[in-house]
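Those letters in the sequence shown? Residues 1 to 380, per UniProt numbering, in order.
Any given hint could be a false lead.
Unchecked claim - Heads up, simulated DSS-like pairs for lysine-lysine below, C-alpha to C-alpha not over 25 Å straight-line:
no., residue 1, residue 2
1, K19, K97
2, K136, K66
3, K74, K136
4, K220, K136
5, K220, K97
6, K19, K66
Please keep in mind that the hints were generated in silico from the structure rather than gathered at the bench.
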Amino acid sequence: MEKRSLISRFDFLWSGLDKTLGLIVLGLVAISMVTFISASSGTPVKFIDQLRNLALAYSVMLLVSKIPPKWLEKSAVWIYSLGIALLLAVAAFGLIKKGARRWVNIGVVIQPSEIMKIAMPLMLAWYFQRREGVLKNWDYAVAVLLLALPVALIARQPDLGTALLVVAAGLYVIILAGFPWKYIIPVVALGTFCILLIIIFGSYICDPQLAWPILHDYQKHRICTLLDPSTDPLGKGFHTIQSVIAIGSGGIFGKGWLNGTQAHLEFIPEKHTDFIFAVFSEEFGLIGNVVLLALFAALIQRGFAISSNAPTLFTRLLGGSITLIFFTYAFVNMGMVSGLLPVVGVPLPFISYGGTALVTLGVGVGILMSIHRYRRLVQS
């Protein structure tokens, strides 16, 4: 009997997985590990904590990758309903931390809004799969209602950042399902016009005596601080000012690993989570950022390649929306840290420290792996 090598004994860990996608994610994780060692200095979290989170995310990814997309399609309504039930539980008796009611204790403390980042595209992809061939304009209205319910519950917590990510996840499915561009273009034009008005009349609308409808005061303050961080240099503007200084001081080649002054002198807040990109930029400079952006671009390109070759409408919509969620995470985080977007607490995918967020990303990658595996099985 031929003796198996040590590596071949563990081939079940990657057998059937998309190797290209796996190598891209591995590259991002390698950058995460190197950066985390520097970014975690002076914080209560340890390197072993991030290794544990990554191991959990990988285990979840491996498990999800072995679930046939047909099973995901059948469970979409149940997962969405569970997410809604947990969000209602948060509203009724959720735990309050830092002034927000976002968590619920069900034996373990969880944040149900994270579930909706996956449950929302699952549900809408299932709905449009059921309506394939008989799709009408009112179907898009039904999809918007399915999206509006969890978004309203999440925004009420309040958690505007997560609410916007769930909105994006749902809208991606609706757009990919064929929502007419004649309705999209006017909305984009109106949004652009409103942003220009905010920039032009920023000093007036940011007057402390002027109340904004719908948004909370702290959310108004975030937007106004984005327009002019110097109005609150030791408060909300401190995050933006210090992260922009860190990115600019990195130059082309960076200051070198472990040599970032902004990070190690504790000027960068949340340096191992939301603002880890500032730590990376300061130490590895423009060249490091180009490598990081190339990896994210490769991740998105590979996700679209898997989605475009998927055999059903459900898998194409689900894969495409998850790929665009990865893009949204990276775009919002880098824009936030660079001072181009408000600070909304969105982690940098596979780079930032985190537990629930990493598991959610692991589920997303696992779904893409499952779609790829299923396509190969169908074609074989």
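Inset, instruction - Take a quick look at whether K220 and K97 sit within 25 Å of each other, Cα to Cα. - result: Between K220 and K97 the Cα gap is close to 21 Å, so the pair holds against 25 Å.
Legend entry - Pairwise hint evaluation, K66 against K136, where the allowed Cα distance is 25 Å at most: Violated, at about 34 Å.
Inset, instruction - Would you mind confirming whether the straight-line C-alpha gap from K19 to K97 stays at or under 25 Å? - result: violated (40 Å)
Legend entry - Restraint check for K220 with K136, where alpha carbons must lie at most 25 Å apart: Outside the cut-off at roughly 38 Å; violated.
Inset, instruction - Verify the proposed pairing of K19 with K66, using a straight-line Cα cut of 25 Å. - result: holds (15 Å)
Inset, instruction - Take the C-alpha atoms of K74 and K136, compute the straight-line distance between them, and say whether it is at most 25 Å. - result: Distance ~23 Å between K74 and K136 Cα, so the pair holds.
When each numbered hint is compared with the structure, violations occur for hints 1, 2, 4.
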